[in-house]
Every structure is written in structure tokens, then in C-alpha cells.
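Protein chains in written order, with our numbering: chain B, 3 to 383; chain Z, 261 to 605.
Do not rely on the hints blindly, as some may be mistaken.
What the hints assert, rightly or not - Far from chain B, by Cβ distances over 12 Å, these chain Z residues were calculated:
hint: 1; residue: Leu-269
hint: 2; residue: Val-460
hint: 3; residue: Asn-492
What the hints assert, rightly or not - Sample of chain B residues facing chain Z (criterion: CB under 7 Å; computed from the structure):
hint: 4; residue: Thr-164
hint: 5; residue: Arg-193
hint: 6; residue: Leu-206
hint: 7; residue: Ala-226
hint: 8; residue: Met-227
Said to hold, decoys possible - Chain B side only, calculated, beta carbon under 10 Å to chain Z, not exhaustive:
hint: 9; residue: Leu-68
hint: 10; residue: Ala-78
hint: 11; residue: Gln-79
hint: 12; residue: Ala-191
hint: 13; residue: Gln-204
hint: 14; residue: Gly-222
hint: 15; residue: Asp-251
hint: 16; residue: Gly-256
Keep in mind that the hints were calculated from the coordinates and are not lab data. Note that the structure is predicted; figures quoted are calculated from it, not measured. All C-beta atoms in this analysis are idealised placements derived from N, C-alpha and C, irrespective of residue type, glycine included.
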Amino acid sequence: MTMTPTFKTLAAAALIALAGAAQADITIGVSLSLTGPASGLGIPCNNGVKLWPTTIAGEKLKVIVLDDAADPTKAAQNAKRFVTEEKVDLVVGSVATPAAIAMADPIAESGTLQLMLSPANLPAGKDAWAFRLPQSNAVMAHAMLQHMKKQGVKTVGFLGYTDAYGEGWLVDFKAEAAKIAPEIKIVAAERFQRSDTSVTGQALKLVSANPDAMLVVASGSGAAMPHKAIVERGYKGKIYQTHAAASRDLMRVGGKDVEGSYVVSGPAVVADQLPDSHPSKKIAQDFIAQYEKAYGPNSRNQFAGHSYDVALVLQKVVPVALKKGKPGTKEFRAALREAVETMGRTVVSHGVLAYTKDNHWGFTTETGVMLKVVNGDWKVE
Amino acid sequence: MDFSIASILTLDGVTNGAIYALLAMATVLLFAVTRVIFIPQGEFVAFGALTLAILQTNQVPGTVWLLLIMTAVATLLEVVHGIRRGAPAARWLRAAAQTAAYPVAISLLTIWAAPQGFPLWVQALLTLALVTPFGSLVYRLAYESLADATVLVLLIVSVGVHFALTGLALLFFGAEGFRNPSFWDERFSIGALTLSGQAVIIFLASAALIVMLFLFFERSLYGKALRATAVNRLGARLMGISSTNAGRLSFTMAAFIGALSGLLIGPTTTIFYDSGFLIGLKGFVAAVFAGLSSYPLAAVGALGVGVLEAFGSFWASAFKEVIVFTSILPVLLWRSLRDPHSDEE
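Let the hints inform the model, and build the full structure from the sequences given.
What follows is the structure, given as C-alpha cells:
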């Protein structure tokens, strides 16, 4: 076979490109719940990942996305594969709390940076290599409690998932209440699973306790069913939802029953309604413009914002870390962690991040925005 | 706990139980006729509910494409079998056309009807017509060539079919859940009790289906043929009853029952692409109560599961599933003590 000159040039160019890329790529392992019970969170996150730039500080990004199906075992396997086979420079994920917790151990052992996309509570000392991108439950509970205080709420009924997300909220909400609003008490706590077809029993018990407000801890469109059950049992008080429910699916599935409820959220989804003084306003508008250009109008959501923010953080830390080592080396990985810890005040679409050596929950208490559902749309309170 | 709370919980439990009863019936039916423990029964529930939900948005549901793909594969198999066996072309061409005719027709009808925004009940009928042929296709593609395998092999295939159908449902319906509008928006108040129109429809539809199944098995020739296959496959075949056709028919009925359950449960809760599994599993628990053989016992077991679930969620919400699925243990114990059996498979 005779090669045409164009073909030869192309082949040579490809070879050079491949060889060059193989040496200096920054490899990022992303584990998301693309199937399974948290896929409603994982799919928008993956959409956000697709908006990442192809190069940062002149280095090409090689992104490997794996599905963990929100299953802790699978997530831990993905984490091991990332650090042993793929030799990644950092890991992003998972978006499901139980899965993110399962990934933390193998990643920390190998000395690799983990940027979690869920507010996962890890025991003290276990989060040396893990940083959370989403707002901590405590930070969100802070905004919610401020709002409850203003509304004169004294008693709260809790209806949450029987998993780490529900449990985390219960613990953090109580702790935060003790700090800033000791008069607010949880008077009844009930659990349910996303796959439940009915929460009548739980709703009955909560409504008979007659609290001033209800707190529903659930994610995506799954947050609508418990909400409706409480309303159907004749509850007339205020109903609060967490930041995992801050997507339009709540209104789509909940219909008129979710009217007037309060949802705590990051600023990214309501950029246009934020005051001009809000630090995130411009970046969040950028995010929405890019995201909705790619995925259609009104497709914006909380989770895509988190994965979008990962790129913003990387743009700040990668140039710093590159001074200490080449991608693919141990030095580079350690330098990445150090750079995140010392990056200081960083404005992202979801608020202001300020990680320190002892605090791997980046967001300050100003990040939470209380939204009210009015006429099937968000309204900043 | 007072009387009004107990009555609300009972009503809620019986409403869910009625759905589980339908699924338990389908499970018993399939096991009796084909010896398949059909774990993916719940998937038809999700398919039914989600197909209607997508039709409600005036879009063509992904079910259509899945149906066409599965039909294409089944038709191809028919042709390959025909050629391999050296059958005359006219015969396998006719068999292939028979396989493809109905699914293609209903798919075209749906593609035409979806953007028209027909009333809810028309879309519900369309959904039933669209999901029902899946039963026969699933049987052809997954089970037919294994019809004489052991129960264990068929069970393993069921697990595979379950994962395949869930994955396809995610692909075709997306990750977010849907809730369908109620078929009947009336509410009746009796003291503290509120009976929704949808619950009335659930009771009526379940009761009607049970009566229809009874009549089908007792009065019709097809029903008697199915019962004969259930009692003795070989004997039935010697009497001229095709066990292949019996399998296809029973799977078609199971898919119909599943889709109907999906339509019934859709307005009462949010259905996700994977919601069907747990609903189907509770129907399966009820069927096990009946030893996978008795329809009335399965119905009673299903109501029991529903009520147990409702009270479990009131008393110990965090352990509700544990309570429901542990309840199978005493039943199994009682069953094995009452009629000890030997492993003959």
C-alpha cells in the first residue's frame, strides 16, 4: 500500500500529538451515579463535567468518567481503579453521599486529592485528602434556621431518607440549631426510602405532632412525594426542603402542592434574582448561560453547578501545583492538595469557597439562599 | 394510635395491597404455567406508568423504540430459525410477519397519536396496548429457548432480564420520576377517612381483574389449556396444547397486568425508572405466601403485605422494609413444616 503524503503527515501529527499528550496530561477520574437511585443527581453533574475546558494552564485534561450507580461497593472499586490502574492526579465524586464516603479511604491511602460532589460527613482525620464542593448541610441548615427564626418557627417535624443524607441533615440541623437558635426543636423524626410508594404512616405521625414547620430531606423529584403526603394529610404549616431538592423537578412532580414551600439552595440556580452585590452573581450567570446553551432553557440545577465549580477550582490550583511537580507524579498530587488548602477566598458559581488546613468544607455561611416556590417558579426570599 | 389513625393506615395499606395483589397474581400465573420466577414483573409497572407520563407531555415515549428494537430481534430470530430448519420460505415469512405485525402497528399508531394530546383515558388505553406486547417479546427473547431448563436457570435468567429492563428504562425514560394525573379527582370523606377517587378505581380494577382471571381459567378454552400446561407440560403437549404458545400467552397477560398496575399506581406516588423492582418484589412476597400456586391466597397475602407495610411505616418508619421482608420467614417456616418436600428438580 502506498501512503499519500497527506495521510503520512496526518499520521505523523497524530503520533506526535499522542506522544506529547501522554507525557503531560492531567488525568482526572470522575465517579458519578449515572444509573441507580441518585442518577437524577449524577446525570446533570456529568453534563457539568462536559463543560470543563480541555486544557488548564497549558496542560491537557484527560477525564475518565465511571458510573458508580450510587452503590458504595462500586464507588470504592472505581476509586481503586482510578488510583491503581489509571494513576489519576485527582478524583472527582461521587455525587451520592454513601458512595462518596466509600471512595474516601482508598483515595486517601494513595495520597490523591478527592473533590467530593456531595456533602459527605467523614469522621475526624479521615478527610485529609477529601474536599467537598457542595455546601455542607450545616451551612445550609444555618440559612434555613435563620429563616425559621424570622418566621417564628419553634417546633419542626423531620421527614428524611433512611440513608447518610437524611441522617447527616438530622445531626447537622440539631447541632446548628443548638448554636444559633436553641428555641427551635425537632419534635418528631420519621424516615422513608426513595423507592417507597406511600409515606402515609410517617405523614400521619408527623401531622399529629403538629409542628410549626416540616423539614423534608430528599433529593430531586423524590422530594415531591413526601411533600404531597404531608399536604394531603391536611398539614397547613410551612414546609422546608433541602438543597438536594432544588431542581425544577420538585415543581414538575409536586404541582400545586409544593406552592409556597421553602427550599434552601446554592446561589447558582437563581443567579438573575441575586442582588448585584452578591459575589457569585456573574460567575453563576456565566454557568447558567453555558449550561442552558448546551442542554436547553431552564435545565439549570444545583448539581451541575457543583461539577462546573470543580473546573473553577482547578483553574486556580493547577498552575500553583505545576510549579512543584509534573502531572502523574506523587509530588504533583500532594501539591494539588496543598494548593487547594491554601488557595484562599475563591468565588465560584455556588458562593465563596475558603478551604483551610482544618476545614475541608469550603463554603462560608453566607452561601445558602432561601427560595420560595411561587407560581411554579423560584423566588428568592 | 386511635381508631381514626388505624383506619387511615388500613385504607392506605389495602390500597397498596390491591396493587401488590395484581402483581402477585401475575407472578403465580407465570410460575404455574412456565415455571419462571419472574422478578422483572415490577418493570412492567414502571413501563406502564412512565409511558403514560411521557404521553401526557405529548411526546413519543421511548417504549415505542424499545418495542420496535425487540420486535426486530424477535423477527430476525424467527427468520433464522426458519432458514436453519429448512422450512419453506412462505412459512417462515408468515411467522415473521405475524411476530412483527402487531408491535409495528401499535408503534405507528402511538407515533401518530402522541402529539395529538388525546384525553387521559385514550392515552391510558394506548399505554396498555403498547406495553402488553412486551410480555410475549421478553418470553421469546429470554426464555423460550430455555423452556425446559430448571427453575434455577430460569431464575438466573430473570435476574438478568431485570437488570436489562431497568437499564433500558433509564435509557428511554431518564432518571427523573413522574407522577401521573388522577383518573378520577373525587374525594369522599367518611369521618377522619378520606377515600380518593383513584383508590376507588384501584379497588374496582383489581377486583374486576381477579374476577376476569377466574372466569378465564374456569370458563375459556385457552384458560383451561393454560391450566393443563401448569399441571403437566408434557401431558398437555401430548394433548395438542403448544407449551410455547402457553408461555407467550401467560407472559402477555403478565405484561398487561403489570402495565395496568402501573396506570393504577402512577397517580398515587412518584414512579422512577427503577421503582418497579420493589413494588414487584412485594407482589412476589405475597405470591410466596401462597406457595406460588394459589390465586386467592396470593391476593390475601398481598393485602397483608400492604397493611403490614402501612403500620410498619407508622410505628418504625426506618425499619419498614425490614419488617415487610422479614415477614416472609415465618410463612416459609410454616409452609415447610406443613408440607415438607423433596428436591426433585
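Worksheet item: Quick check: which numbered hints come out false for this structure?
Response: Structure breaks hints 1, 9, 10, 11.
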